[in-house]
Amino acid sequence: MATRTLISGLDLKRPRTRAVYFGVLAVTAVAFAAVFIYPLYWMATAGLKTPVEFAAQTVTVLPEDPSVSAYTDAWNHMRIPHFFLNTVYYAVGGWLVQLSVDVAAAYALSKLRPVFGKLVFAAMLATLMLPVAALLVPAYLTLTDLGLINSPWGLWLPAAANGFNIYVLKRFFDNIPHDILEAAAIDGATRLKTLTKIVLPLSRPVLAVISIFSIIGMWKDFLWPMLVMQDPEKQTLSVALQRLSASSQVPPTEMIAAMTLATIPMVVIFVIFQRHILGGLAAGAVKG
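Just so you know, the sequence shown maps onto residues 0 to 287 in numbering that gives the first Met the number 0.
These are computed hints drawn from the structure, not numbers from a lab. Every residue, glycine too, gets a C-beta built ideally from N, C-alpha and C. It cannot be assumed that every hint is accurate.
[As the list claims (entries may be wrong)] What follows is a set of in silico ranges between Cβ atoms, one per label pair, in the way DEER data are often shown:
#1 Ile-185 / Tyr-20: 52 to 60 Å
#2 Pro-200 / Leu-118: 24 to 32 Å
#3 His-81 / Trp-41: 54 to 62 Å
#4 Val-114 / Ala-188: 40 to 48 Å
#5 Gly-116 / Val-91: 44 to 52 Å
#6 Thr-141 / Ala-207: 30 to 38 Å
#7 Ala-207 / Tyr-88: 41 to 49 Å
#8 Thr-262 / Arg-112: 37 to 45 Å
Turn these sequences into a full structure, and let the hints guide you.
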């Protein structure tokens, strides 16, 4: 079956039509890229400006007298390494907890077929339709009763059973042929060994996607860590920056430099693993 496109392949063979088509495509791509890249560029270059130049009414695209002093001051005075390590610890721990719970739940719903499994899966998907703000009060009161305030488990446990991750994993596990699992069972493999030796190695693309989403979600989360991690020494980088921005002792260029430093890890991760994200989502979305 032929693929329908806006311009037919015959028209694209004409030099004039082809030039106009790729010209419009290039202009559109550059425009969309500029819309997303310019805020990052402005944030990165604003940290290179002096406070006087930053406060001037005339906006300069390039810093007149660039200096990295704001970045060094933010790194030293705002204790960026300390809060950075806190965030890395929470992100890695949350990733491990999410991966353990979501993989076990998706594998059970896909291959073990428990009683009322469809009802449980529907209930998990229903949680995606609830706004996060509606769950803040009951989740916070539950953690208070359990004594998990200022504890990493207060960040990890509420995010453990992620409905979206379970949905993507289950869709991928559904595509794994039952013949492979039955052959493993005949050879004497237990359910756990089948999961660790067969299912997980076959699921590396989707596991990479879930891992990236989990780490990015834990890294960029702000509201929930602000409620749970009330001790300033245990706060994440985003919460610490918000707390420090409330004081008038931090210059604006230093604050923007700190924000830029906090953004770099996630941008690098996305640029490096963007193929894995798209490939894993496509692998988990196609059935058959």
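Now for the hints, and whether the structure bears them out:
Range check, Ile-185 to Tyr-20: Cβ separation about 57 Å, and the 52 to 60 Å hint holds. Take Pro-200 and Leu-118: their Cβ atoms lie about 31 Å apart, and the range 24 to 32 Å holds. Between His-81 and Trp-41 the CB atoms are about 27 Å apart, so this pair departs from the stated range of 54 to 62 Å. Between Val-114 and Ala-188 the beta carbons are some 24 Å apart, a value that contradicts the proposed interval 40 to 48 Å.
In this structure the supplied range 44 to 52 Å is violated for Gly-116 paired with Val-91, their Cβ-Cβ distance being about 31 Å. Distance hint for Thr-141 and Ala-207: a CB-CB separation of about 32 Å, consistent with the stated range 30 to 38 Å. Distance hint check for Ala-207 and Tyr-88: the Cβ-Cβ separation is about 21 Å, which falls outside the suggested range of 41 to 49 Å. As the Cβ distance of Thr-262 to Arg-112 is approximately 44 Å, the hint placing it in 37 to 45 Å holds.
Checked against the numbered hints above, the structure violates hints 3, 4, 5 and 7; every other hint is satisfied.
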